[in-house]
Amino acid sequence: MLPTHDLDQTPRTLLVSESSSFLDPKNRVSAQVEQLRFNHQVSVLLPECSSAPSHLDSVLNSFSSFYLIRKLPVYELLDRHFLEAAVYHGAVYGLSYRTRIDEDNSIALTPNGHLTLSLDKDSFELLGFEGKPSRFNHRTATRFVVSVDLTDSSMAPGGRGYLRLLTGLTSRLQLQTDFLLSHHPGSGASLQSLLSRYDWSEHRPEVSCRVLSDLSCPALRSCDPHSLLEWLGAVDAGCHKIPSCHRSPVPTRRRRFVTVLTHLCSLSCRCYLEQPRLESWVSMTVHGFVDSPVSWGDREHGFLRGGENFYTLMMFHDHTYQLHLATGAHDACPP
Amino acid sequence: MAVFMDLNLPFSSDRSHLGSIIETAAHLGFSTIAINYVFEPTAKKKQEIPTPTPISELMDGLPVVQGRSRPVRVLNRLTVVITDSSHFRPNAPEYRRFDLLAVQPTTEKLFHAACMVYDIDIICVPVTEKLPFFFKRAPINGAIDRGVVFEVSYSAAIRDSTMRRYTIANAVSLVESCKGKNVILSSAAEKALELRGPYDITNLGLLFGLSDGDAKEAVSSTCRSVLLHAGEYYMLNSVAVIEHERHRKQFFFFFFLDQKPGRRPGSRKADEELTSAN
Chain A
1 MLPTHDLDQT
11 PRTLLVSESS
21 SFLDPKNRVS
31 AQVEQLRFNH
41 QVSVLLPECS
51 SAPSHLDSVL
61 NSFSSFYLIR
71 KLPVYELLDR
81 HFLEAAVYHG
91 AVYGLSYRTR
101 IDEDNSIALT
111 PNGHLTLSLD
121 KDSFELLGFE
131 GKPSRFNHRT
141 ATRFVVSVDL
151 TDSSMAPGGR
161 GYLRLLTGLT
171 SRLQLQTDFL
181 LSHHPGSGAS
191 LQSLLSRYDW
201 SEHRPEVSCR
211 VLSDLSCPAL
221 RSCDPHSLLE
231 WLGAVDAGCH
241 KIPSCHRSPV
251 PTRRRRFVTV
261 LTHLCSLSCR
271 CYLEQPRLES
281 WVSMTVHGFV
291 DSPVSWGDRE
301 HGFLRGGENF
311 YTLMMFHDHT
321 YQLHLATGAH
331 DACPP
Chain B
336 MAVFMDLNLP
346 FSSDRSHLGS
356 IIETAAHLGF
366 STIAINYVFE
376 PTAKKKQEIP
386 TPTPISELMD
396 GLPVVQGRSR
406 PVRVLNRLTV
416 VITDSSHFRP
426 NAPEYRRFDL
436 LAVQPTTEKL
446 FHAACMVYDI
456 DIICVPVTEK
466 LPFFFKRAPI
476 NGAIDRGVVF
486 EVSYSAAIRD
496 STMRRYTIAN
506 AVSLVESCKG
516 KNVILSSAAE
526 KALELRGPYD
536 ITNLGLLFGL
546 SDGDAKEAVS
556 STCRSVLLHA
566 GEYYMLNSVA
576 VIEHERHRKQ
586 FFFFFFLDQK
596 PGRRPGSRKA
606 DEELTSAN
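Here the protein sequences come in this chain order: A and B.
Read in order, the letters of the first sequence correspond to residues 1 to 335 in our numbering.
Read in order, the letters of the second sequence correspond to residues 336 to 613 in our numbering.
Think of the hints as simulated: they come from the structure by calculation, not from any bench.
Ideal placement from N, C-alpha and C gives every residue a C-beta, glycine not left out.
Check each hint, because a few of them may be wrong.
Stated by the list, open to error - Examples of chain A residues toward chain B, derived with CB under 10 Å:
id	residue
1	HIS55
2	ARG98
3	ILE101
4	GLU103
5	ASP104
6	GLY131
7	LYS132
8	ARG135
9	PHE136
10	GLY302
11	PHE303
Next comes chain B alone, as it looks inside the complex (with noise of 0.2 Å):
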């Protein structure tokens, strides 16, 4: 088992907003946790993408996690909600800035795309609203296979009883076509009390079909390999192979061990390192 992490929560410019939720979260008893922006192009005009906030901007000092003596590790993660192919750049530099990369897929075709052809960590399942599409397995399997996980939040069912039906109608659609694999559950809060606890978590992964191991690992061991995959990223492009999926998982092992998962070149993490040398 690994630890307990919940990889969306929403930025907010208010500081103290912010910090009273990620000081809740360690309290909760998450050692990591991942602060999202969101970013939504659209055709009209030209927007750019957020720059992550330095945490040391944002909070004083870091929470320690209840029941440990560690602080809370916190991660920045950009979701890019995409209504047509040309929203998702691959390979944009911008991208780099953070640790966790997810998208929101809108139609059929671009979940397709997804999940067989982008670069990316986490698909976000939607949770407000009716499935614009259906899960088919065959993308849902190429997904697995490449180590991308979807992701539910539940904090939208915490608000609206409508929003509660949307979100358990579509949850049990993607569980019953990823088989329980691969699939993450966050929050998504817009505020303190809509966190739960990680066991709490546990069992509302068990309303969304998934069985009480695949709900723990949902937000234990998944969270870690989602982490793992976004550090693997970064590796591949630094050495520039293109190798077969099980090679390249024995060659990079010696690397796992230094590095730590999910720093991508020129990101927040690497920054702050610097500047705190220095």
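Next up, chain A with everything else stripped away, as it sits in the complex (with noise of 0.2 Å):
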């Protein structure tokens, strides 16, 4: 008949699978996990328990809040004093907030100093600064990806570079968007400047709590990641059935700016694993922005039909773990 593709398959999807344990001396959890640093929801899952335990709960409750500015024009972010108190010591992230990266102009700021803009062909064109095609244009390239290192030579202020990109965000493209804004714990103030001069919010990640019974529960240890992810996604969305309590909090509102310090997440799991149980296991679900610029170690993202990427840690009794990475079809490899 026709030379179509195979309608039953779904866009590509990638899913790296490691597992380990936290003694081994070489294991990489904290180098992979901090790769992904746009999250906005994280999802708990502990068995046999009726409230959360206190350190978890304080560790979720102790969350930096993070800054929703409004219109924020994005020239502000090379402002002298905000890269000089906050960018250089690499303690503030941004993200654009309700932009669709597929549609409009996305901006990302990493706490490596780096200004990720992925524009559009006529934004680009305008703005006039160099930058590469997106790796996921099809045909055409519509899609154009400018990425800046600030904390370089060529991009201090007053350099060729600097003003280059200056003036185009000034003068040419005059790029304005609503930005969230966090920071590390204790560098607050590095961003009070910038957040004086526009209308901004503070916000804090929501937490929330259900209690699930009647839940049935594959082998966690043995079963494939396709099947335990799966399980895991409709617990979450709430498909269940037979006996075994367990207790998720889950934070529901999408679109709440989490950098996750998942090392005192896990560290406080793995306190709560030490202890007797009959089912020793915890699992840490963390969702990354569907519509960030960046994705897994700062290469680019993509949305086709979906934007997933986030990474599933199972944690067990015996201090050894399942890390599980996903992405879409429009993303780079995890690491």
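These two chains come separately, so use the hints to put the complex back together.
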């Protein structure tokens, strides 16, 4: 008949699974999970408890608040004082809010000082700065990515590259977007000068808890990653059956910006596991923003029909873990 | 990628009905829509090409696109159903009132003329009946070179199961001939319930034989190129210079930065801006 592509195929997804132990000095779990910088939801599933353990509660409540700035002109991110106070110290995360990666211009600022602008063709041509066509362009180049290292000497204030980008953003392409800004704990003061000039509001991640009963549970150590993730997704979505008692604290609102201190989270989960229990595992799933211009390892992220990028950490009683890193069609391979 | 567009929403004189369709389209995520005035000239009596109603008369305020802060953009489009070569008058001044110009050919000869000769933006593929002619590669490639796109409407498939068969069969035949290039998918929805979201239409495009990337472009980038092509026609006529295709694109590069796509001289948009300035 026709040389059409196979209708049974879904768009490409990638799943990288690794299992190791926290006690192994060569385990890469911190290095891997820190590469997913922009996350909006954390789900923790704890079996056999009726209320969240106190140390986990305190960790969840200690997430620093983040700020939403309305209509921030993007050239403000190049402001000399902001760069010196926040960006050079590696303390600030920023992401444009309510911009869709496949329709609009999106901006991301990572703590290593990289500013990424994902622009459509007209905006890129107006801006007049170096950039590359997106890796996920189809027939024609309709999306371009401008990636700038603000800590590089060429982008020092007053330098040629800096002035060129600043001129582009102030006179040629006046990009203005709602912006989410967050910081490492303890460096909130560095953002105050920027915040004071615009309309901003402070937000905290919401924490909500649900008790699930009558839940059937597969053999978690031995089942394959796809079935495991499917089961976890079904539990998160609320479709569950047979007996066992679990509780899962699940932040419900999407679009809340969480620079996850997964290290602390996973430590407190491990403390929980040390106590003797029948079911000795904890799962933690962290979802990245679907509309972020960067994903794993600061590489480009796109949205074909779904922009999923997330990881799941299954921790067991004997300090072993399974880490599953997943992305969708328009993404680079997770580390 | 570009914003999502639906370039075929049939005009209806019932203001509230059309308003509800536009609101649904904005709610589903379409940033640009085009109201389609269909004109079917018959040999028997002389008919007048309809005049587009200014959007301010149709709706009090344009709805904001879901998830963004800008209101939906509304354009005007004319579709001429041609059964005879005299029905389409090239360079008719009435066509200039519209932002987009489309034809629906009914015979092979007219399809060939529409692909190779007529100064139009969109060629509508019939979806409510068996194809009256076969698609040949030569005129289709000619149309692709000129920047003309082929449109498949999906709402007939929602209304009726027989139409669904014709829609899929005709669309598959088109995609096989054009290899997925220059295809747009639009609704032609007569009711708000017949509209579907852009990602659903992308999935529908897979049924028609388009690849993932082509199907998504059919609702976004290809529609954008239609608007740019419509604007190009305007620039070409006003400067009155005929150049080779490649040179034309370089020559007009600097104009596009200011030129809003889809505007033709004397179009409704220009009139509206003048009246609002006064």
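Structure-based check of all given hints:
no. : hint   : in the structure
1   : HIS55  : violated (38 Å)
2   : ARG98  : holds (6 Å)
3   : ILE101 : holds (8 Å)
4   : GLU103 : holds (5 Å)
5   : ASP104 : holds (7 Å)
6   : GLY131 : violated (15 Å)
7   : LYS132 : violated (16 Å)
8   : ARG135 : violated (12 Å)
9   : PHE136 : holds (8 Å)
10  : GLY302 : holds (8 Å)
11  : PHE303 : holds (8 Å)
In the structure shown, a violation is registered for the earlier hints numbered 1, 6, 7 and 8, in ascending order.
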